[in-house]
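**Q** Single-letter residue listing:
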Amino acid sequence: MASFALEFPPISHLVEWPAFLFEDSPFAVNKITLIFLFALVCTLSLFIIGGRRQALVPTGVQNLVESSVDFIREGVVMQTMGHDGLSWVPFLTSLFFFIFFTNITGIIPVMQMPANARMAMPIVFAVMIWVLFIAVGIKHQGPFGYVKSVLFPPGVPKALYVLVTPIEFISTFLVRPFSLAVRLFANLLAGHILLVTFGVLAAALWAAKPTLVIVPLPFLMLVFLTGFEVLVAFLQAYIFTILAAVYIGGAMHPEH
Amino acid sequence: MLPMLAEITGTGDDLISAGGAIGAGFAYGLAAIGPGIGIGYLVGQSVQAMARQPEAAGMVRTTMFLGIAFTEALALIGFVVFILLGL
Numbered sequence: 001m002a003s004f005a006l007e008f009p010p011i012s013h014l015v016e017w018p019a020f021l022f023e024d025s026p027f028a029v030n031k032i033t034l035i036f037l038f039a040l041v042c043t044l045s046l047f048i049i050g051g052r053r054q055a056l057v058p059t060g061v062q063n064l065v066e067s068s069v070d071f072i073r074e075g076v077v078m079q080t081m082g083h084d085g086l087s088w089v090p091f092l093t094s095l096f097f098f099i100f101f102t103n104i105t106g107i108i109p110v111m112q113m114p115a116n117a118r119m120a121m122p123i124v125f126a127v128m129i130w131v132l133f134i135a136v137g138i139k140h141q142g143p144f145g146y147v148k149s150v151l152f153p154p155g156v157p158k159a160l161y162v163l164v165t166p167i168e169f170i171s172t173f174l175v176r177p178f179s180l181a182v183r184l185f186a187n188l189l190a191g192h193i194l195l196v197t198f199g200v201l202a203a204a205l206w207a208a209k210p211t212l213v214i215v216p217l218p219f220l221m222l223v224f225l226t227g228f229e230v231l232v233a234f235l236q237a238y239i240f241t242i243l244a245a246v247y248i249g250g251a252m253h254p255e256h
Numbered sequence: 001m002l003p004m005l006a007e008i009t010g011t012g013d014d015l016i017s018a019g020g021a022i023g024a025g026f027a028y029g030l031a032a033i034g035p036g037i038g039i040g041y042l043v044g045q046s047v048q049a050m051a052r053q054p055e056a057a058g059m060v061r062t063t064m065f066l067g068i069a070f071t072e073a074l075a076l077i078g079f080v081v082f083i084l085l086g087l
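These protein sequences, in sequence, are chains A and B. Mind the numbering: the first sequence is residues 1 to 256 in this note's numbering, read in order. Mind the numbering: the second sequence is residues 1 to 87 in this note's numbering, read in order.
Isolated chain A, as found in the complex:
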């Protein structure tokens, strides 16, 4: 990759951060760990501050928190799980906010690194959802009934089960967690690389000749993409939450 006229940093430079505390141990702390702690503190303090004084007419933080809980309840749970899913609202709301805060660090100055652009946390989230929806399915339908309702969906001609059962097995138990993790990870990584590309471009043009007419173009693109990344951070958190709700809701109610 030496033939680029422009020195573009290799991707390992964009996402790998050296550990600076407890190196060479499983508890090594680097920038990503700090971002996770930041997201944790943000999520916790948002809800603690929002729920501290419960005014009848909400203002400020309480207003934001109440409308976001309402958004998760009406926009996600009621649409996908129905009334039975209302007990999942707290879990899904905290999941949404934690993913949103770990995504939004990609455009916050000083941090500028979406923590989910590393594969670690998306995998943890995906495995968590995977374990949860299987556990919910077993709880509501029994281990045998759940496996039967997933692998042998009713209303299919008997002979087609040869084809349907392997497909259902792969798509439910293997592809679901994989695509959940990869979707979150790849979206954030792609956004991060885009931002870096236009940042490098704008900086190189500026260094070459500040008076070039073309200078504003990569810079404007960078500003536009930063706004776009806010949208992506929100949308990916929303999509992850809604897919988690769909999977858990699907395990609750067998298909008929």
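Any given hint could be a false lead.
[Unchecked claim] Listed below are the simulated SDA-like cross-link pairs for lysine to any residue, each with C-alpha atoms no more than 25 Å apart in a straight line:
| hint | chain 1 | residue 1 | chain 2 | residue 2 |
| --- | --- | --- | --- | --- |
| 1 | A | Lys-148 | A | Asp-84 |
| 2 | A | Lys-209 | A | Phe-8 |
| 3 | A | Lys-31 | A | Leu-46 |
| 4 | A | Lys-31 | B | Glu-72 |
| 5 | A | Lys-31 | A | Glu-16 |
| 6 | A | Lys-31 | B | Ile-83 |
| 7 | A | Lys-139 | A | Leu-46 |
| 8 | A | Lys-31 | B | Phe-70 |
| 9 | A | Lys-139 | A | Ile-104 |
Quick caveat, the hints were computed from the structure, so don't treat them as lab data.
Chain A is fixed; fit chain B onto it per the hints.
**A** Below, chain B without anything else, positioned relative to chain A:
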């Protein structure tokens, strides 16, 4: 054939990294075609549904995002392959 090619182009490592770069470019380009068509069709149909029945807009939007998420996954897998091949 290969040793001759290697003599012309340089070492075998160069050939391998060139092949990797070309493959990466094709991988992402090809992976973007299907999901591009799919998402375009999906959103177009959703807009049509919302325009015809504005009271169902909320439900259509939720389903639209779900569909986009499933369709987009293919393009993203292509993107991951692109990163893996290109490096």
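**Q** Run every hint past the structure and note whether it holds.
**A** A quick look at each hint next to the structure:
no.	hint	in the structure
1	A:Lys-148 - A:Asp-84	holds, 22 Å
2	A:Lys-209 - A:Phe-8	holds, 18 Å
3	A:Lys-31 - A:Leu-46	holds, 22 Å
4	A:Lys-31 - B:Glu-72	violated, 29 Å
5	A:Lys-31 - A:Glu-16	holds, 9 Å
6	A:Lys-31 - B:Ile-83	holds, 22 Å
7	A:Lys-139 - A:Leu-46	violated, 32 Å
8	A:Lys-31 - B:Phe-70	violated, 31 Å
9	A:Lys-139 - A:Ile-104	violated, 35 Å
Violated hints, in rising order: 4, 7, 8 and 9; the structure is consistent with all others.
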